[in-house]
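Given only the sequences and the hints, what does the whole structure look like? Please build it.
Residue numbers (my numbering), protein chains in the order written: chain G, 1 to 103; chain V, 1 to 805; chain R, 1 to 169.
Just so you know, the hints here were simulated from the structure itself, not pulled from any lab data.
Predicted model, so just to flag it, every value in this text is computed and none were measured.
Even glycine gets a Cβ: it sits at the ideal position worked out from N, Cα and C.
Take the hints with a grain of salt, since some may be wrong.
Here are some, though not all, of the chain V residues that point toward chain R, as calculated from beta-carbon distances under 10 Å [stated by the list, open to error]:
#, residue
1, Arg652
2, Ile655
3, Tyr745
4, Gly748
5, Met749
6, Asn752
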Amino acid sequence: MIVLKRSWRKYSIDNLEQVMKVKIKSWTGVATWRWVANDDSCGICRMPFDGCCSDCRLPGDDCPLVWGQCSHCFHIHCIMKWLQSQQLHQQCPMCRQEWKFKE
Amino acid sequence: MAAVRTADSRQQWEIIKKNFCIDGDFSQINDSGEDLQLVVRLVQQLGAGQLVLDLALDAIWLALRQSVVPKFWQHFVTFEAQTNGKEDDAGEGSVEVMSRVATAVSELYDSAGSFVPQINRCEMLCEQSGAKFEDCIPGGLMEHFKLHLRATLHSQMPSSFMHLLHKFYSAAFKVFYQAEVGSQVEESEEVTDEPVPCGGCGGATDACHCQAITNTFCQVNKQLYGLDLLERLAGDIISSLLLSVITDHVSTTCRDSYDQSCINQLEKWVENVVVGWLELVYCGSRGQLSSADAAIQTMVSNNLNQTYMTALYHTYTTTRIDQLFNIVIEYPESQPALEDIRECLDRTHLRDRLVESLRSAIQTRLLHPGVNTTDVLHAYISAIKALRVLDPKGVLLELVSEPVRQYLRGREDTVRYIVTSLTDESCSELSEELLVAAPLVLDDSHSDDDNMDNWETWTPDPVHAHNLKSKSQRTADIISMLVNIYGSKDVFITEYRTILADRILSQFSYDTEREIRYLEHLKVRFGETLALLHKCEVMVKDVADSKRINTSINSDENPHREKQKFPVSAMILSAQFWPSFKEERLQVPEEVTKELENYTEAFQDLKGNRTLNWKPHLGQVQLEIELKNRTLNLTVTPTQATIIYHFQERNRWSIDDLSTMTQVPKTVLRRKITYWQTQGVLQEVESDVFVLVEGEETGEEGQTAAAGLPLADIAPPAIEEDEAESVMASAQDQREEELQVLWSYIVGMLTNLDCLPLERIHAMLKMFVQGSVECSPQELRAFLDRKVRQHQLLLTNGLYKLPKN
Amino acid sequence: MYLFVVEFPTPSVPLRGPCLPQQKRLQKELMSLLKEPPAGVTVDVDTAHTKLTEWVVHMEGAAGTLYEGEKFQLQFKFSPKYPFDSPEVIFVGDNIPVHPHIYSNGHICLSILTEDWSPALSVQAICLSIISMLSSCKEKKRPPDNSYYVKTCSANPKKTKWWYHDDTV
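Put into structure tokens, the structure is as follows:
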């Protein structure tokens, strides 16, 4: 009787890998978001892109970035303020090329 | 008469001697047969007034010294000899004492009375011959006689007399007290038929000799009073009996009950007992005071107010002081007791003792490692409330609670407990305090102390309030007091932020309503503009945003969903606004990596120009584990999921291999793997080697007994305790980070300006870091001093400077 | 004479206050100037800390130039519109550098201070420009219209309509 039991156990260990299956039913992960930009912070307000411009309280959707055709980017509120303050030329603050929004 | 006039000088002297008892024979004083007037005149003629007076008085004093007083004391000396060795205070003994004292006193009274004619004679001599006795003590010769009697008595008093006298008065007092108080008690008590010994004299009810005792007692008092001896001999005893009964009564009344005010009742009781007893002693029976001498009336009322009421307040207060710790803890039930104490404190000088005693009680009962932080906090809160009752100005509180604050400051989990209980509805005590819509009053904020608008109602601080904080801070509300343990809002909000982060990242509940509510309360209390609270707001908003993003990405219309093997959702955080995370590594299984990448792509499509950085070790995974004879449905952490996932490929892993595979450090891995051991899924077969456990029969150690349940659909267990540990860097570490930022500024300043005092550094930092880092002057000083100790800074003459290198 | 002396406590105000958007940037600039100043430039923290919108920067003439060993002070004033509006920058103090683009009242003829200003510029960038302007000078002399200009100009150089005649010096 005892002998029989032992041999059964041996058998079961040998076959373990075929037996257990781990099925992932759902996975909730944690991530931080960031802007895909050349720089870490805005050349106008000097605040990090992943934060918000100095006029805003909420980052992300509420304080988005915009890119110029020159490939420089700024908080949208910062560049708009700058462009509004310029009467003659609409230049990129970084490269002084004419500012055009990248489509 | 003729004999007086005609007698020769020798006879005349004999006559004088006889009439003034100069030879000490007082037996025939009343029947000398001579006309006193003539004798006095004779003395005058001889011009011997002074001489005769001196001799006559000397004879009296001698008689007192040699006969009257020794005879009086003899009663007690022999009594003492008889009762020596028999230590009994029982009724029989006191009866003996009663009669002995009565006999002695009455004999003394009589023999002293026998001198009265002689005194009168001498008095007359003084008047007529102008002779003077000693220094002419006011009150006349009679008073002088009493004085001598007292002095002589005292000079010969046997040592045991006071003890006996005490017995005498005790016995009488007991009878009195029984009658006085016993009568009050009887009304409420059931009358039993059992013969009980009399509470007054201790004799059987039918043989009660209370009345006899009282009678004897009154007679003795009357005689002693007549001799002016009552106050001198028994005054202390009379009052000590009262004082001790007051002490006993107060401590019985106050024992362990704090929920009723008893001071008024005690005052009445004291007045009743004191007046009753003094009446009995000085007037001979109850209710006689109003008809007694004015002198006695004044004496009784003075004693009552000055001695006995004071004793009451003193005893009451000291009794309560000994209980104060419990009284404080039992607030608010103990409110009545506290109000009593407050009243008594004003009439005694026990404030310092109260502070000292409570401080030491707190020290021994509260401030040691055996007490939970929650209990210390609870006691602190009770103390704040209770001591406010005692002293609305908060001076006592300040004095008593400083050590508690200091202690709490040293406990690492204090802030966490406070913040948790503030935002926990089950701990109503504090969460209700949070609802008080008032801004905090902090040590570092400047409030209306210098406000001159209310100068008319200004009151000075009590004298012992020196060196204390300003008035407004002492009377601040509970939460302010708690925050003031640290003196800074930032420490609190930093901790709140960490707790919030932990809550979000352990529960993964997307319901933010509760957090928003607390945040609103905190904003009211801590100030809308606090940068850290703003960060918390963003954190809560991240949760809401994540929910929306998840819904959008996992919706049926999203093409990304088609290739999905299992649903992935995410908590997407705005890194700038979250506290720093503990850095942990984890390589999740390939299958999972792919799914996370898919999610990232979907996110990029949704949010354009934004991408995700995963923190793979954080999250929540639902697993279904199929074993040979059972299926487990579990909710686990990504690390735990990854561990068990790899056991699909191999049933045996060493910690080393698994660590290489998952990139989780071995120490962490060992800790995490215990979860699967307790689930009975893994087993450590040799040191650091784990194998998969299949069926119930394999459990040699019996630890897999649970697996015996066939195909158990075990409910997801609460995530294991060690998983409850924070995923965030500790508040201390975070603070350290912030201070490090300040340090770089300070180095910049000192490089520029060579050396600066603390105030200037603080003022400049204020300018530079405005709105981002808060640092009180005190904290800054502590920080700079630490830098001095680390030799990174020099301090000379109050100026900080960088060391030259 | 005095009946009593009233001592007002120095308020110990926490490091916080109303924070204008503009201030955040100025704080950042001030700190970066403190931590990594360009060679020969030190910001006078003392003046800056009392009023964040007004700084004095000490400047040393660079070695190997006409101004070697000389010390100057530059005053910066920032309007509420900064950085969308350029700061007002003039030389102040005893020693105004003698330079063809610097007037004896301290006004500087430098295009980035007015029409070529960009919010991407900074105090640090201005300092570097001025150092480079000084360093490249070949002859110490005042601008030709100096005496007329100083008599007629506004105190604020930004009110001057500059005619940037020479970009090489």
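A quick look at each hint next to the structure:
| no. | hint | verdict |
| --- | --- | --- |
| 1 | Arg652 | 55 Å, violated |
| 2 | Ile655 | 45 Å, violated |
| 3 | Tyr745 | 6 Å, holds |
| 4 | Gly748 | 3 Å, holds |
| 5 | Met749 | 5 Å, holds |
| 6 | Asn752 | 5 Å, holds |
Checked against the numbered hints listed earlier, the structure breaks hints 1 and 2; every other hint is satisfied.
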